[in-house]
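Trainee: The whole structure should be built from the sequences, with the hints applied where relevant.
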Amino acid sequence: MPQKHTISALVENHFGVLCRIAGLFSSRGFNIDSLSVGETEDPKISRMTIVVRGDDSVLEQVVKQLNRLIDVIRVIDITQGTFIERELTLIKVNANTTTRTEIIQIAEVFRANVVDVSANSMTIEVTGRHDKVQAIIAMLEPYGIEEIARTGTVALLRDSTPKK
Amino acid sequence: MASAAAPPAPQEMRGADIVIESLVREGVDIIFGYPGGASMELHQALTRSKIRNILCRHEQGEIFAAEGYAKASGKVGVCMATSGSGATNLVTGLADAKMDSVPLVAITGQVPSSVIGRDAFQETPIVEITRQITKHNYLIDRIEDIPRVIKEAFHIASTGRPGPVLVDVPKDIQQSYWAAEFPETVSMRSYAPNQARASREDIESVAQAIKEAKRPVIYAGGGIISSEASEELRNLVKKTNIPVAQTLLGLGVFPETDPLSLQMLGMHGSVYANYAVNHADLLLAFGVRFDDRVTGKLEAFAKHGKIVHIDIDPSELNKNKVAHLPIASDIKYALQELNGIVEDNAYPEWVDEINVWRKKHPFSFQETEDDILPQHAIKLLYEMTKGDAIVATGVGQHQMWAAQYYPFDEPRRWLTSGGLGSMGFGLPSALGAQLAFPDKLVVDIDGDGSFAMNVQELATLYVEKLPVKTIILNNQHLGMVVQWEDRFYESNRGHTFIGDPDGTEAVYPDFVTVAEGFRVKAERVFHKKDLPAAYERMIAHDGPYLLDVIVPNQEHVLPMIPSGMTFDDIITE
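So the sequences go chain by chain: A and B. If you read the first sequence in the numbering used here, its first letter stands for residue 6, the second for the next number, and so on. If you read the second sequence in the numbering used here, its first letter stands for residue 191, the second for the next number, and so on.
In case anyone wonders, no lab produced these hints; they're calculated from the structure. These numbers were taken from a predicted model, which means no experiment stands behind them. Certain hints may be false.
If we take Cβ atoms under 8 Å as the criterion, some of the chain A residues that face chain B in the derived model are [as the list claims (entries may be wrong)]:
| no. | residue |
| --- | --- |
| 1 | 28 |
| 2 | 32 |
| 3 | 36 |
| 4 | 78 |
| 5 | 82 |
The list that follows gives simulated cross-link-like pairs (lysine-lysine, DSSO-like), each with its CA atoms no further than 30 Å apart [claimed, not checked]:
| no. | chain 1 | residue 1 | chain 2 | residue 2 |
| --- | --- | --- | --- | --- |
| 6 | A | 69 | B | 341 |
| 7 | B | 341 | A | 49 |
| 8 | B | 549 | B | 509 |
| 9 | B | 630 | B | 240 |
| 10 | B | 576 | B | 487 |
| 11 | A | 9 | B | 509 |
| 12 | B | 496 | B | 401 |
| 13 | B | 487 | A | 69 |
| 14 | A | 69 | B | 630 |
| 15 | A | 9 | A | 69 |
| 16 | B | 240 | B | 428 |
| 17 | B | 522 | B | 550 |
| 18 | B | 522 | B | 630 |
| 19 | B | 265 | A | 69 |
| 20 | A | 69 | B | 509 |
| 21 | A | 69 | B | 493 |
| 22 | B | 522 | A | 69 |
| 23 | B | 496 | B | 569 |
Quick look at which bits of chain A chain B covers, simulated, 3 or more residues with Cβ under 8 Å [stated by the list, open to error]:
| no. | stretch |
| --- | --- |
| 24 | 13-27 |
| 25 | 56-68 |
A virtual CB, placed ideally from N, CA and C, is assigned to each residue, including glycine.
Mentor: Spelled out as structure tokens, the structure:
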């Protein structure tokens, strides 16, 4: 059964590492749902969080192929443990004087922030797990969504994960 | 670092000289380089060094030569090209070396840093282009990185699962100066190739599996050559008497003339090797990657047996075929450990059963009166050279026949493009091997299609005085494609005739005249009775020699398991 896996890879913060990894995924036919990259506490190391879909054998290959890359320091399948994952999304939705209050209420329920308002639109910033973002988008859709910008997922293992 | 030993204070060195000095420090004495605007600084530095440059006549030729050198010697092959088209001409060779795990360092000149990204003359982003077909690659952006990067490049190319590494050096960096410091060691936190070591429990499980098996087979591949573990494999067979099938790239890891050798397995492997694998209750897959040309239909491959798979590259385990016992390990280490505990054994009934098939279906062909069959030509070469030549090939029918009819008793005698199937591999890889072994007989068994793809390397043979012998098995066709047309496309010829469409009687092109133009001695043979004397002249000749052997085009490589099929679908006639 194809499942979603969140993989966290620590990589050398070199020029070109992102291309190396993106190229690996496309040349081996792995499907990426999202990929996000950023520096870690050590500026020489970046963390890549990759959400990939596939069965166990696909995941095994993804992890092994990533490990094979010279610039990859460590790969963890975060989905194996308990973890925190978040993505950030900006949603620009149609809003007029009659719908504005409803939209603000929806945003409050999702603990989202209104970050911009104009005569005809509002921009909402929402942070959370992928399904939460999906849920607010579904709620806002009837008003007419103009634009969406969303980051990939970032994730960390919970410290409370029991060590095996 | 080096200052303790070096008497004078460190002097400023030109970047190009730092590159070459870094190569010298890696023990390089031969490289294959073709200069151009962005690499001429490096060639200028080469003239100031002890390194011998072999001027091949095409960058694809030089990288195949570097592969041949590496495959024959076990050392890292080094080639050099200029930017742009020089670098892109290396692409096929890099992909070839990646597929066949050949240790290689390719150095390319790049346009000056200031114009990178501006579509300068002869600019290509070669690091971007080759990312997926190298084990690793580098674009140097500071002169201070040169010694470390070159050291890392050799380390990466030659350790773990070997492979090609490309280093791209912009011209301005070649031309700048620095009081170079050369590191003695490599330190890379993200690359630990020596971690792959089988555990004690794993080795015990393998020994136990061997003990319980009644019909074991070893499936031995190129990883054993990379790991220099041929001796350990032979010791294992001495103790256990398990028959050995070899992959195309593994030929020679176990003596093919040994009674327990099943020779090559796979699409054009022996019937008995494929029979054995198909009926085995234990498949010992050592240094192999379950390539589709070996397995055919994956689900049916070795389906009756337990599979032990040992490879240094963990990503090969369970990639194509799920193993019951996947072990990530250097094969030399694993075999040494296994030989320490495995019990003496023998499987006479199983070997007898296989030998029935060996007798029933040996590699065979119908002898002819006058025509020279390619199989006969190779068999005769084997007899006349006593199996002691280093043999290179192109890709196609002649390659498969060479694998079948020129058995090897030692590793590193066989140079062929397995994974990528690169036509034109034969002549340049032969010349590379000749440089590694100047006194050995090196023969390129080639096809007329493959040979023409790197024919320009005849010049390299002449100029560098390399006594490579080339045998063209000339059937005026792209024989392997013709064979598929005959078998699966009702013999409809889809551009597979490569002779002269206006004069099918005369052989075209005239390779003898071509060779003479390159000042390489050559002759053509039509008749079977003339072949032994022609071989004698060729072998006795002090210098390169080309023999254009005219062969019929109706022959098929047999046996054959059609692509994606199983042992039950094997074609033997």
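Trainee: All hints are to be evaluated individually against the structure, with a verdict given for each.
Mentor: Tested hints:
Because the closest C-beta pair between residue 28/A and chain B is about 5 Å apart, less than 8 Å, the hint holds. With a least beta-carbon distance of about 5 Å to chain B, the hint placing residue 32/A at the interface is held under the 8 Å criterion. Interface hint status for residue 36/A: violated, as the beta-carbon distance to the closest one in chain B is roughly 17 Å, over 8 Å. Hint status for residue 78/A relative to chain B: holds, with the closest Cβ pair at about 4 Å, below 8 Å.
The closest approach between the C-beta of residue 82/A and any C-beta of chain B is roughly 15 Å, which is over the 8 Å cut-off, so the hint fails. With a C-alpha separation of about 25 Å, the suggested pair residue 69/A and residue 341/B falls inside the 30 Å cut-off, and the hint holds. Restraint check: the Cα-Cα separation between residue 341/B and residue 49/A comes to about 21 Å, which is no more than 30 Å; the hinted pair holds. Taking the CA atoms of residue 549/B and residue 509/B, the gap is near 35 Å; set against the 30 Å cutoff, the hint is violated.
For a cut-off of 30 Å, the pair hint linking residue 630/B to residue 240/B stands: about 24 Å separates their Cα positions. A C-alpha spacing of about 37 Å is found between residue 576/B and residue 487/B, which places the hinted pair above 30 Å, so the restraint is violated. In summary, the hint linking residue 9/A to residue 509/B is supported, as the alpha carbons are separated by about 20 Å, within the 30 Å threshold. Taking the CA atoms of residue 496/B and residue 401/B, the gap is near 13 Å; set against the 30 Å cutoff, the hint holds.
Between residue 487/B and residue 69/A, the direct Cα distance comes to roughly 24 Å. Compliance with the 30 Å bound is thereby established for this hinted pair. Among the hinted pairs, residue 69/A with residue 630/B is inconsistent with the structure: their alpha-carbon atoms are about 41 Å apart, more than 30 Å. The hinted pair formed by residue 9/A and residue 69/A meets the criterion: a straight-line CA distance of about 17 Å does not exceed 30 Å. As the CA atoms of residue 240/B and residue 428/B are separated by approximately 45 Å, the hinted pair breaks the 30 Å bound.
Annotation: proposed proximity of residue 522/B to residue 550/B is violated, straight-line Cα distance about 35 Å (limit 30 Å). For the proposed pair residue 522/B and residue 630/B, the alpha carbon gap of about 27 Å is at most 30 Å, so the pair holds. Of the pairs offered as hints, the one joining residue 265/B and residue 69/A holds, with about 27 Å between alpha carbons and a cut-off of 30 Å not exceeded. For a cut-off of 30 Å, the pair hint linking residue 69/A to residue 509/B stands: about 10 Å separates their Cα positions.
Using a Cα cut-off of 30 Å, the hinted pair residue 69/A and residue 493/B holds, with the two alpha carbons roughly 25 Å apart. Taking the CA atoms of residue 522/B and residue 69/A, the gap is about 22 Å. The hint holds against a cut of 30 Å. Of the supplied pair hints, the one linking residue 496/B and residue 569/B is violated, its CA atoms being roughly 36 Å apart against a limit of 30 Å. Counting residues of the stretch 13-27 of chain A whose C-beta sits closer than 8 Å to any C-beta of chain B gives 6, which meets the bar of three, so the coverage hint holds.
Remark: the stretch 56-68 of chain A is confirmed as covered by chain B, as 3 of its residues place a Cβ nearer than 8 Å to a Cβ of that chain, reaching the required three.
Hints 3, 5, 8, 10, 14, 16, 17, 23 from the earlier list are contradicted by this structure; the remaining hints agree with it.
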